[in-house]
Amino acid sequence: MIEVFHLVPALLIGALAVYTTVARDTFAATVGFIAYGLMLTVAWVQLHGVDVALTESAIGGGLTGLLLVRASAKLRATEAAARAERPRASTRLAAAILAAAVSAGLAIAVLALPDPAPTLAPEVLANMGPTGVGNPITAVLMAFRATDTLLEAIVLLLALVGVWSLAPDRVWGGRPGPRYNADPDGILAFIARVLPPIGIIVGIYIFWVGADDPGGKFQGATIVAAMWLLVLMAGLTDAPPISRRLLRAGLVAGPVAFIAIGFAGVATAGAFLAYPDGWSKPLILVVEFALMPSLALTLGLIMAGAPERAEAASPREAAP
Amino acid sequence: MSTLVDLFSYVAIGAGAIFFLAGTVGLLRFPDTLTRLHALTKADNLGLGLVVLGLLPHVAGVLPALKLIAIWLLVLLSGADASQLIARAARRGEPRSRPGP
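The listed protein sequences correspond, in order, to chains A and B. Read left to right, the first sequence gives residues 166 to 485 (the working numbering). Read left to right, the second sequence gives residues 251 to 351 (the working numbering).
What the hints contain is simulated information worked out from the structure, not anything from laboratory work. Just so you know, these numbers come straight off a predicted model, no measurement behind them. All C-beta atoms in this analysis are idealised placements derived from N, C-alpha and C, irrespective of residue type, glycine included. Please note that a few of the clues may not be correct.
[Claimed, not checked] Derived CB-CB ranges, DEER-like: (1) A:Arg-358 / B:Phe-280: 25 to 33 Å; (2) B:Ile-319 / A:Arg-344: 34 to 42 Å; (3) A:Leu-263 / B:Leu-271: 39 to 47 Å; (4) A:Ala-260 / B:His-288: 38 to 46 Å; (5) A:Leu-263 / B:Asp-282: 22 to 30 Å; (6) B:Leu-324 / A:Glu-244: 33 to 41 Å; (7) B:Pro-281 / A:Val-451: 57 to 65 Å; (8) B:Leu-324 / A:Leu-276: 26 to 34 Å; (9) B:Ile-321 / A:Val-431: 44 to 52 Å; (10) A:Arg-344 / B:His-288: 50 to 58 Å; (11) B:His-288 / A:Pro-279: 47 to 55 Å; (12) B:Leu-324 / A:Gly-327: 39 to 47 Å.
Produce the entire structure from the sequences given, and follow the hints as far as they go.
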């Protein structure tokens with residue numbers, strides 16, 4: 166019975182991966198990819214990796230899925246033309262060989278892993294005490310491998326720079342995405358008023374319990390960003406122009422605080438991102454609190470897209 | 251007593267699973283968007299509600315039980331709203347989310 170419960174998600178993941186790859190229609194492939202992300206979440210829960218499952222459903226399935234839905238909507242105009250083009254047989258053969266080689270390499274690597282797999286889990290549990298954190302995943306992410314987490318936060322900023330760089334020159338510095346004009350008395354406006362208070366609480370809760378239970382700033386920030394997007398898409402508010410100083414300061418505040426505490430560690434504890442004795446928990450909290458709003462802002466702006474509308478000159482700039 | 255509670259859970263979760271199955275069959279078999287939405291909401295509302303009901307006696311403490319009920323209520327809220335939005339898009343005759351074959 167247990168085997169069946171593990172086998173069904175595994176088979177579905179494989180089937181969805183194949184469907185996503187072979188679907189000719191971009192939108193259909195995107196839907197397949199989102200379902201694939203949800204099934205991966207189920208698999209991670211079954212493997213007791215609830216932290217990974219939360220991240221997969223929030224960022225892997227939800228956020229990436231929404232990005233792909235938007236991309237497929239933009240590609241619809243050229244979809245028929247793109248489908249009419251068929252690469253030459255030699256190109257397709259080369260692609261097939263490359264894909265098969267990568268799959269075979271991964272399969273060999275996984276099958277060649279020693280059993281039981283080498284693990285640092287006992288070391289983490291033995292050394293978690295001084296960090297003052299109750300969730301071993303958080304201890305790894307914020308204390309033992311804090312560099313990785315810092316780089317992840319910076320990668321998201323780079324992704325945002327990539328999205329912004331798609332803006333044409335004339336709208337540079339303007340507002341991202343279209344101005345949404347939903348019916349102000351419609352159902353979207355209703356849910357955009359009712360859901361955000363609940364969603365923000367849930368987001369902060371998931372961020373807060375990350376210290377001792379599955380959760381954390383990335384997952385919490387995704388939920389808060391989703392609430393912001395809901396309000397944007399219902400037309401209740403407009404996205405800020407990306408040239409706004411305050412906005413940019415908010416984007417970099419988290420990573421800057423992280424880096425500053427990292428360099429302070431060189432002076433006080435002898436290594437970059439090392440925390441002095443007894444200060445781990447408060448410093449981790451400071452970093453987490455600084456990162457969470459920056460992450461929510463970054464994720465929200467990545468989803469909002471490249472600037473599309475030039476900002477109307479503000480009264481201050483119009484004055485002589 | 252615990253046998254009775256288990257029996258209750260089996261019946262409730264089993265009934266929930268039947269609603270999910272019926273909803274899925276309806277989604278695949280019904281002829282148009284509005285009837286398919288009708289099938290889907292049965293799975294969301296009743297199916298999940300019954301599964302939550304069946305799980306309630308087995309959670310430790312009041313707080314996890316409230317969380318389960320909150321999840322169900324949130325799914326009710328988002329499901330009803332998403333159905334409204336899809337139905338409205340379908341009635342406008344503007345199949346935004348379904349590109350032509």
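Here's how the hints hold up against the structure:
Between A:Arg-358 and B:Phe-280 the CB atoms are about 32 Å apart, so this pair conforms to the stated range of 25 to 33 Å. Roughly 38 Å separates the CB atoms of B:Ile-319 and A:Arg-344, a value that falls within the hinted 34 to 42 Å. A beta carbon spacing of about 41 Å between A:Leu-263 and B:Leu-271 agrees with the range 39 to 47 Å that was offered as a hint. Range check, A:Ala-260 to B:His-288: about 44 Å between beta-carbon atoms, so the 38 to 46 Å window is met.
Restraint check, A:Leu-263 to B:Asp-282: a C-beta distance of roughly 43 Å breaks the suggested window 22 to 30 Å. Between B:Leu-324 and A:Glu-244 the C-beta distance comes to about 35 Å, which sits within the given range of 33 to 41 Å. With their beta carbons about 58 Å apart, B:Pro-281 and A:Val-451 fall inside the hinted range of 57 to 65 Å. The beta-carbon spacing between B:Leu-324 and A:Leu-276, approximately 42 Å, falls outside the hinted interval of 26 to 34 Å.
Between B:Ile-321 and A:Val-431 the Cβ separation comes to about 45 Å, which falls inside the hinted range of 44 to 52 Å. At about 34 Å, the beta-carbon gap between A:Arg-344 and B:His-288 misses the expected band of 50 to 58 Å. Take B:His-288 and A:Pro-279: their Cβ atoms lie about 54 Å apart, and the range 47 to 55 Å holds. For the pair B:Leu-324 and A:Gly-327, the beta carbons lie near 33 Å from each other, so the given range of 39 to 47 Å is not met.
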